[in-house]
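Modelling step: build the complete structure from the supplied sequences, incorporating the hints.
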Amino acid sequence: MSTALIPTPGFREALAFEWTKFASLRSTVWTTATAALVTVLGAVFVGLTGSLQPDDTVLGGSLTLSVVALMAAGVVGALTVSGEYASGTIAATLAATPRRGRVLAAKATLLAGMLYGLGLAACTVAYLLGDAVLDGSYAQGEPLPALFGVAALFSAVGVLGLAIGTVVRHAAGAVAAVVAVLLLPSLFGPLLGGLRPWVAGASPTAALEKLTQTSDATPDTVGTLGPWPSLALVTAYTAVALAGAALVLRRRDV
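FYI, the numbering used here numbers position 57 of the sequence shown as 57, with every residue one higher than the one before it.
Hints are computed from structural coordinates only; laboratory data are not their basis. Be careful, since some hints might not be right.
Stated by the list, open to error - Label pairs and their in silico Cβ distance ranges:
hint	residue 1	residue 2	range
1	R252	D216	37 to 47 Å
2	E142	A243	32 to 42 Å
3	T8	A172	16 to 26 Å
4	L128	Q53	44 to 54 Å
5	D216	D135	17 to 27 Å
This one's a predicted model, so the numbers in the text were calculated from it and none came from an experiment. The C-beta atom is built at its ideal place from N, Cα and C for all residues, glycine as well.
Below you can see the structure in the form of structure tokens.
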């Protein structure tokens with residue numbers, strides 16, 4: 001009596017599995033929704049309170065709270081995998097798709113595509129609302145192609161969170177690590193003297209400040225690297241982190 005081998009699911013099937021799991025996990029859905037909502041509400045709040053600096057731009061002011069949304073994007077990435085470890089479903093996932101690199105690639109693709117679309121839509125709406133609410137005394141800024149760059153940064157930080165969550169596995173630890181990666185370079189940068197622009201300038205939050213053209217993005221705080229090279233740098237070390245996470249995932253039992 002012969003038994004047929006069960007075929008290994010392809011990438012499209014793995015991607016569909018990941019979407020089903022993501023949509024069924026309330027923590028990731030609500031955190032993703034929060035990332036979009038806080039960006040839009042931040043534009044309205046800043047516009048109505050008139051709390052911008054005189055040298056700020058409409059784009060920078062409208063996206064003031066996008067840094068909170070960026071952290072939420074990283075947390076979504078971390079929860080996407082750590083939530084499976086917490087519930088124990090990761091074992092079933094890896095049993096259904098034995099090629100672990102494919103599982104991680106499917107998660108990363110889902111996150112990158114979803115966060116890009118969400119980030120672009122939320123930031124565009126925030127900018128339009130801010131432009132409508134703010135008076136004409138502020139410089140407009142250059143929303144295009146900056147908004148596409150901000151959306152790409154959301155994707156990169158989400159995938160970075162995924163890499164961190166894959167290595168750490170525990171939800172609380174992964175979330176804390178994501179927040180630390182985003183905030184600590186800026187918080188401790190002033191303690192590093194001449195190294196401050198190099199350390200703080202390499203962080204995702206620095207890239208966000210440059211892309212949104214906020215008045216806080218001065219060379220002595222976020223370095224002299226331009227917005228697009230900063231985005232490229234974040235993308236590069238995110239890719240390295242994801243490759244490292246894939247290696248860890250392959251070598252671990254679960």
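The hints, checked one at a time:
In this structure, R252 and D216 meet the distance hint of 37 to 47 Å, their C-beta atoms being roughly 41 Å apart. Range check, E142 to A243: Cβ separation about 34 Å, and the 32 to 42 Å hint holds. In this structure the supplied range 16 to 26 Å is violated for T8 paired with A172, their Cβ-Cβ distance being about 33 Å. About 21 Å separates the C-beta atoms of L128 and Q53, a value inconsistent with the hinted range of 44 to 54 Å.
Hint check: D216 to D135, Cβ distance near 21 Å, so the stated range 17 to 27 Å holds.
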